[in-house]
Amino acid sequence: MAKLNMVQAINLALQEEMQKDPAVVVLGEDVGVDGGVFRVTEGLLDRFGSERVIDTPLAESGITGTAIGMAVSGLKPVAEIQFEGFSYMTIDQLAAHASRIRYRTRGRYHCPMVIRAPYGGGVKALEHHSEAVATFFIHIPGLKVVIPSSPYDAKGLLLSSIRDPDPVFYFEPKKLYRAFREEVPEGEYTVPLGEGKKLTEGNNVTVISWGAMVRVCEEALEKVKDISVELIDLRTLSPLDEKIIMNSVRKTGRCVIVHEEPKTLGFGGEIIARINEKAFLYLEAPVKRVTGYDIPVPLPKLEDIYLPDAEKVAQAIKETVHF
Amino acid sequence: MPRKKILDLSVDWLSILDYEGNADKILEPALDNETLEKFYRTMVITRLFDDKALKLQRQGRMLTFGSCLGQEASQIGSAFAMKSDDWFFPAFREHGVQIARGIPMKLLYIYWMGSEDANLMLPHRNFTVAIPVSTQVLHAVGAALAAKIQKQNIASVVYFGDGATSEGDFHEGMNFAGVFKTPTVFVCQNNQYAISLPREKQTASKTLAQKALAYGFEGIQVDGNDVLAVYSATEAALLKAKSGGGPTLIECFTYRLGAHTTSDDPTRYRKKEEEEEWRKKDPIKRFRTYLEKKGIWNQSYEDKLLKEASEEIEKAVEEAEAYSPVVENMFKYVYAEITPDLKEQMDELLGFIAKRKR
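In order, the protein sequences belong to chains A and B.
Under my numbering, the residue at position 4 of the first sequence is numbered 3, and the numbers go up by one with no gaps.
Under my numbering, the residue at position 246 of the second sequence is numbered 251, and the numbers go up by one with no gaps.
Isolated chain A, as found in the complex (with noise of 0.2 Å):
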């Protein structure tokens, strides 16, 4: 078994999945002769042609709206957005159609189709490359928001979301592409779409997250070795896996939650809302959240003070089980 990092499972996966089905298209900005700006997609187009790897012209909403024609005609798109800042223009034909294919037409036609896209920060880049923009998509309603944190996961929901008979927004955490390689499988495996991993087992507190941020609460563990730290990573979004959180914080009483996306509106406020509804009787102290400011991401300059670290994730730690 092979020790891959995040981009080569990822493209491990495309490889794997496309020579398996041949519905699968790949499609985006530089995803053929140049293999993805991220290399994600490299080989592909020679192994596969450019009749399933499709260099399009400059345009996001293009990509996506062109995605839905493919899949609404049997095939399963792999489009690829290039930075998740440029995802905004994906929102119109993600929210108004994608998401909705199979309501409006009552199971007549559906929407098999995944966008990838790097997101977020701690990669000193330049402004719309260090965004963590999950929140906007969680919140239509209809689509199914992914992010990994390792290579294994990696390759497993991507096979997931791919063969996903609705359509998946799949983030991948370019800080984490070249991270850190990890033994990956070739051949069939799949994580399943809705299931969270717990990474930890204990006892005085849950801590929560997904992406980038599960390697930062890994390292906030070293901190706290004192504290026994339920470390929960979410991998799917949307939908949620509620029992996972709910088991954990029922036995726990106390969580805080990570997450790289600005505080208001973020998802830790809707994990809180979850935990009061279903945990509340069981928690011995206030959720906290650690988060981005409710604030555009800085340029590089500022941009490490701005994101959640191992620190401020550590103290979060310790004010819970301390309340």
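It should be emphasised that the hints constitute simulated quantities derived from the structure, not laboratory data.
It should be emphasised that the depicted structure is a prediction, and the values quoted were computed from it without experimental measurement.
All residues carry an ideal CB built from backbone N, CA and C; glycine is no exception.
Heads up, incomplete: computed chain B residues facing chain A, CB under 7 Å, no partners named:
hint : residue
1    : P137
2    : V138
3    : G168
4    : E172
5    : A199
6    : I200
7    : L202
8    : P330
9    : Q350
Got chain A sorted already, so can you dock chain B onto it with the hints?
Showing chain B alone in chain A's frame:
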């Protein structure tokens, strides 16, 4: 009724300067030596600014940077046709226009080193860099419409690339400009590539200039490596715009000699020979030949210019690196007045930073 042709439109190509330093006698703009020298000097400074930025980036002292190498004539020629009270809307590669418009290089470096604080000091009617492709096209149309409504005799000039013409915002902007007959000049620097995608795969149109015709105004294709041609076309378009003649699309036919940005590797999608062919068409060399014939340029002038420009650039870099961004600015400029909620978030962060320092 028989079937008949109801539309017959065409697009002109404009080139004034040849590679031997001769200008077309009829088309040559009437510019004095001082102005011609200013054009040249700014092109050279732009190239040195650009080169320095690439070096800084390689040393980890700058962010990702998009070089404008090879596009100096398109940028400087069009920039000097503008007046300082005309609106300028850049994409993200218009360092030459910014320098020509008098934006201190120090500010440009501060921005590309990663701080928005630079934009606080931008001179009047120089808009901020637009990273999302083509979004700025509409802003320029809006600014021109505002000028029309407010009866100001100015125009707006917006820059974008060949790739931008595929975005919806481009079409919407062009259409609004045509319908409202706004005083807008659309400067499309067709540098032949949108990252890896060659121009012929971007659109099936023979030219980009012809897209203007569909919106009811003039489009012209200009030799983008000929600073005199770009200047003349832009000057004419601005004159027309300010006298109520409406918008113009100028396609500057040029070439991006460098990578898309420092994160890009052009060897993956184009041949070295092609780059070499375009290197021979270097806009600075071409203009220099003309100036030499006119007795404006000689080697000692060049040496002096290079020395002065390098010193100016070193000073700008030094000042930019000495600048340290203000943390409070992250929160202070989200709204006109900081909200109680943001104030709380800011205080929390400042408290955290102070605690960390202890």
